[in-house]
Amino acid sequence: GENVEQHPSTLSVQEGDSAVIKCTYSDSASNYFPWYKQELGKRPQLIIDIRSNVGEKKDQRIAVTLNKTAKHFSLHITETQPEDSAVYFCAASIWTGANNLFFGTGTRLTVIP
Amino acid sequence: SQTIHQWPATLVQPVGSPLSLECTVEGTSNPNLYWYRQAAGRGLQLLFYSIGIDQISSEVPQNLSASRPQDRQFILSSKKLLLSDSGFYLCAWSQGSYGYTFGSGTRLTVV
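These protein sequence lines map, in sequence, to chains S and C.
Whatever position you read off the first sequence (first residue = 1), add 35 for the numbering used here.
Whatever position you read off the second sequence (first residue = 1), add 1237 for the numbering used here.
Fair warning: there could be bad hints in the mix.
Label pairs and their computed distance ranges (CB to CB) [claimed, not checked]:
1. GLY76(S) x GLN1332(C): 20 to 28 Å
2. GLN1250(C) x PRO43(S): 30 to 38 Å
3. SER1257(C) x ASN88(S): 36 to 44 Å
4. GLU1263(C) x LYS93(S): 30 to 38 Å
5. SER1294(C) x LYS103(S): 34 to 42 Å
6. LEU1320(C) x ASN88(S): 44 to 52 Å
7. GLY76(S) x LEU1320(C): 16 to 24 Å
Calculated directly from the structure, the hints in this document are not laboratory data.
Ideal placement from N, C-alpha and C gives every residue a C-beta, glycine not left out.
Throw the hints in and build the complete structure from the sequences for me.
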């Protein structure tokens, strides 16, 4: 299956600064790359996604970039706020009749007030 | 609107006991259904996926099995739990090539 690597595993930033989380994937057939935010003890929730025919997507303070040639994609959070503190997971999808997502190992983001 | 229900929320089971976790989806037909496991402090591992009734695929060999007796019902089972089965189990659904919606999860502790 697909292998997704995610870095860093932990990230601390001052409130108002930017945070960047990077992921690489192994299977060039992957074509869908969502990002999930998981607060402690809760379910992961989709925050943004990008498809392989797009290089960048932005939603307010969150943006995702995709480099298909290098097989890596990144999450950018600007003007971070304490409520952005959570674990963030990237994922890559291979279509097999189902949209199987393979997740990275997660990044624990802490925003320091 | 679509909703996904997963239960129980927490479960403590002895080693060797059976397991049954249930997940149901409302408000949609023929969803793709998934079971994931999240070990403490780790990522999400795909266990099973299903594209239709009685159509189950497994991603990793393990002590668990899954069934889909109805279109919107997905069940995760084990005949005999191992200590290594402890974790946070998440059911999810998707439609087409869109992102997942996860259930609220079951925290399983095998003692």
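Against the structure, the hints:
1. GLY76(S) x GLN1332(C): 20 to 28 Å: Holds: the Cβ-Cβ distance is about 27 Å, inside 20 to 28 Å.
2. GLN1250(C) x PRO43(S): 30 to 38 Å: 35 Å, holds
3. SER1257(C) x ASN88(S): 36 to 44 Å: Given range 36 to 44 Å: holds, Cβ gap about 42 Å.
4. GLU1263(C) x LYS93(S): 30 to 38 Å: Distance hint for GLU1263(C), LYS93(S) holds at roughly 33 Å.
5. SER1294(C) x LYS103(S): 34 to 42 Å: Because 27 Å falls outside the window, the suggested range is violated.
6. LEU1320(C) x ASN88(S): 44 to 52 Å: 45 Å, holds
7. GLY76(S) x LEU1320(C): 16 to 24 Å: 22 Å, holds
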